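Engineer: Line order of the protein sequences matches chains A and B.
Taking the UniProt record's numbering, the leading residue of the first sequence gets 1, the next gets one more, and so forth.
Taking the UniProt record's numbering, the leading residue of the second sequence gets 1, the next gets one more, and so forth.
No wet-lab data here; the hints were simulated from the structure.
Incorrect hints may have been included.
Just a few of them, taken from the derived set where beta-carbon distance is under 10 Å, the chain A residues facing chain B [said to hold, decoys possible]: (1) Gly28; (2) Gln29; (3) Val204; (4) Arg395; (5) Ala404; (6) Leu447.
Label-pair restraints from in silico Cβ distances [as the list claims (entries may be wrong)]: (7) B/Glu227 - A/Asp373: 27 to 37 Å; (8) B/Glu29 - A/Asp373: 38 to 48 Å; (9) A/Asp270 - B/Ala255: 52 to 62 Å; (10) B/Asp252 - A/Leu268: 45 to 55 Å; (11) B/Ser239 - A/Glu14: 54 to 64 Å; (12) B/Ala245 - A/Gly456: 53 to 63 Å; (13) A/Asp115 - B/Asp252: 33 to 43 Å; (14) B/Pro174 - A/Asp270: 15 to 25 Å; (15) A/Asp337 - B/Glu260: 20 to 30 Å; (16) B/Asn7 - A/Gly217: 52 to 62 Å; (17) A/Asp139 - B/Glu227: 54 to 64 Å.
None of the values given here were measured: they were computed from a predicted structure.
Every residue gets a Cβ at the ideal spot worked out from N, C-alpha and C, and that includes glycine.
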Amino acid sequence: MTRDETGADLIAAEDVLLFVNAAITATGQREFHSGADEQGLSLDFLHQYLLGNYRDLYAATLALDVNDHNAVLIARNLLVTASEATPAQRRGEGRLIARRLDLLPPQRVYGLFRDLRRARVNNRRTRAIIRDWMAARPDPAFDAVKYRSAVKDAVRHAHLAPGGELGPFLFAWGRPAAYTTPILETWRRAHYEKAALYDLPYTVAEGFAARHGVPRGAFLERIAPRLTRLERLRLQESAREHGAEAVRADLTTMPLTRLASYVLALPLEDRERRRAELTEALRAAARRTAGEQAGRWGTVAAVLDDSFSAYGSGQKRRRPLAVALACHFLMEALAADYTPLWLSGRADALTVRPYGPTPLGERILDGLELAPDRLVIVSDGWDNAPPGLAGEVLRIWRTRLDPARACDVVHLNPVYDAADFDVRRLAPTVPTAGIRDAENLVALVELAQFAEGRTGLPELRAHLARRVADFLREGPVTEVVTPPTREAS
Amino acid sequence: MTDLSLNGLATRPAQVWGGIRLVPLVRDEPIEDLRLASRLYDAGTGVVAVDRRTVYWSYIPHGFVATWTDDGTPAAAYGTQLRDAADDRAPAGMPLRFHRRMARRVDKNRLRFLPLHLALEGYLALHFGGPAIAWAEWSERALRQGLSPRVEEAYTGAAVRGLADALRVFEIHPGQCGVLVYASDALAAAFVVPHPDDYRALHTTLVHDLYGELIHHYAMYGRPVPEFRARVEAAAVRSLADLRAAARAQQDEWAAFHDEVMAGGLLGGDYTYEFVHELGPYRLSRLMPSFERQRDEHIGELIDDETGRLAYLKTFRLSENQVRRGHLLTRLAANDWRLSTTAAALGVAETELVRRIEAAGFGYLLRQDVRDHYRARLRRGGA
């Protein structure tokens, strides 16, 4: 074959970077500019394209910071098309999937199993993965109560024999007069006894509370100790309205982006009133995220998008704005000298709200005038006042005013653009990376620098191989799926 | 009266979505003493309440549906109305009767424009009261009622492809008091209000507004329009200050280009103004185009003050057919509704004029025997 190797390589490298951006940002949900259908369709195409053309690279992206939605999709697609892979590929994929499933929240994994069941995928590898993952669950009885029908489906699908009382519990409930496993017994009693439901996980207890007609306020007050960290954060405000003061989230322990979302969901008066508490919590989360990198970034200017499109959509409320706000606090912790530049021109980050147009060009000029070491732009890239000015400013800055690259410019985009199969870029001279959680900011900025010069496929492969090796090493060794030898032949 | 101009408003960069281009108009200083009727604000829009002390006068846009009546049925304002803010009487309106099922679907308390052809018919009837002199040819009905409501081809904004999405993703500028709507770069409507809060309350109602068939077809068959992207000449830039100056120049260039070229049809038109009402410093007038064929013609209503500052403007782009009909009516009106002189002024025979009146759908204005008479003459081949 006389194919132009370097040309094909470049395209492959670009395709993979494109996919990584998409897999970090896209969640198949409605965005400001496109509906859920378009997002899903566009994302699905990318997955199929990459799977068909670069199967090994596609699997390797599981080791990157792709979001949960895409991790599940990748795992599913790999398992559905397992017959197309070589035995060596299959082995590698099995390990990557198993490792990734350990990191996913259990409800996502159960969702994946049910999805595989619906798609009638029941190859040996799928069953092995389900078996090993379920065997590694710390408390099968708890899972059986909390995710009852999903566990039932998974067990059925993978032909597993649940141990102990789980068999009767899942498939013949009501048969035994009493269980010896405490949580199963509590669950049985909760059908008749109000007091018992407060020992169940919140999602299960909620149903029983409704059945017993327990008032919402009283229920939340008593279930408070059983709430998970994120349930607590989510329920805090509505619980307060119901008079359940016991539901108190410790804001200082929350992840940064979640916390930013929570702050933005509060009305402006509340944010003003609780200014000290909220700011302190956000700063603490940022410091924790920055870790040892804190204060090492030199002078940093950030252009942060709070235009109306940062509202996101009804499904992803204020997500782009929350990412910008979280990035703001993180960069404050990272930089020695930090200047935030909100598009609306407001100076106070805590009372930020999505409103107004996107004059990116002008704000980038403001940022460049400060002559920082690093300029970070967090925006969805819909530059509209006037359109295209940001691109022009950055182009001329790079070619005419700062050819020596004294100032690093990075664009981070929290929104996947379904029509372009990528995140929207501002200028070809400035690297753009997708961002889902502000926690990944540091890694993404480093990666973006690395991607600024056009990366060849060999470098990319080497990088991915390194990431995959790290990824697999981090996990407990016992998790590795060892396929039976017969399958490999 | 001077020409129509966007006094006190500055043009900002357009936002494009598919074939729709929306050009925001921003006021440096909002007009505080003329505001949307507070009853409309009460109707659950969730905007900041208007301070009664600062508001002296209020207006209600034409075709605006709200619960005006005491029995809680929705009604549409008939003609834009200018009034004292304290005036609490129901405005001149048309009660809307919905079928039971429809009434349930329609949220009565939402700000919206009349989603029916009625608004446009109302416009035409408002503008043309019918024959002023009872020449023998005109029918009883024409003399008594003028132009009765008739079906005009118009589409709600929801039927104009891409408009709903364009309005949804549009990012309202701070201080924005107006917008110009283009479909495939044909100016569809101009909408200006006195205060940014009014604009925010009314922005989404543009999708319930009426657009002519021209706009509907352009949006349907037109291709996506390109953005006017900023372009800066790299060679001329030596410093950041140069770059900033170049960026500023881009903005001014766009504003000048837009006002002269894109909105030229609206702003450069030859209008007749009919004063309707004067209240305090404000003056409500109706805008009538010259009905010249082959150019964009807009009818509308506007409120301006003594200094000529534009407070309120709402226009409707006429389609070619409507321009033709309007042309005919203005000619008739200019000649005192007399068939013979009108025909002479147009340089056609009387039979031809009557044929045109009938073709334009105004046949009912003439007595039946007169129509029959001319038709018979035409059939005989005589003039």
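Engineer: None of the hints should be skipped; say for each whether it holds.
Structural biologist: Against the structure, the hints:
no. : hint                            : verdict
1   : Gly28                           : violated (19 Å)
2   : Gln29                           : violated (16 Å)
3   : Val204                          : violated (37 Å)
4   : Arg395                          : holds (7 Å)
5   : Ala404                          : violated (15 Å)
6   : Leu447                          : violated (28 Å)
7   : B/Glu227 - A/Asp373: 27 to 37 Å : holds (33 Å)
8   : B/Glu29 - A/Asp373: 38 to 48 Å  : holds (41 Å)
9   : A/Asp270 - B/Ala255: 52 to 62 Å : violated (40 Å)
10  : B/Asp252 - A/Leu268: 45 to 55 Å : violated (35 Å)
11  : B/Ser239 - A/Glu14: 54 to 64 Å  : violated (35 Å)
12  : B/Ala245 - A/Gly456: 53 to 63 Å : violated (41 Å)
13  : A/Asp115 - B/Asp252: 33 to 43 Å : violated (56 Å)
14  : B/Pro174 - A/Asp270: 15 to 25 Å : holds (24 Å)
15  : A/Asp337 - B/Glu260: 20 to 30 Å : violated (46 Å)
16  : B/Asn7 - A/Gly217: 52 to 62 Å   : holds (57 Å)
17  : A/Asp139 - B/Glu227: 54 to 64 Å : holds (56 Å)
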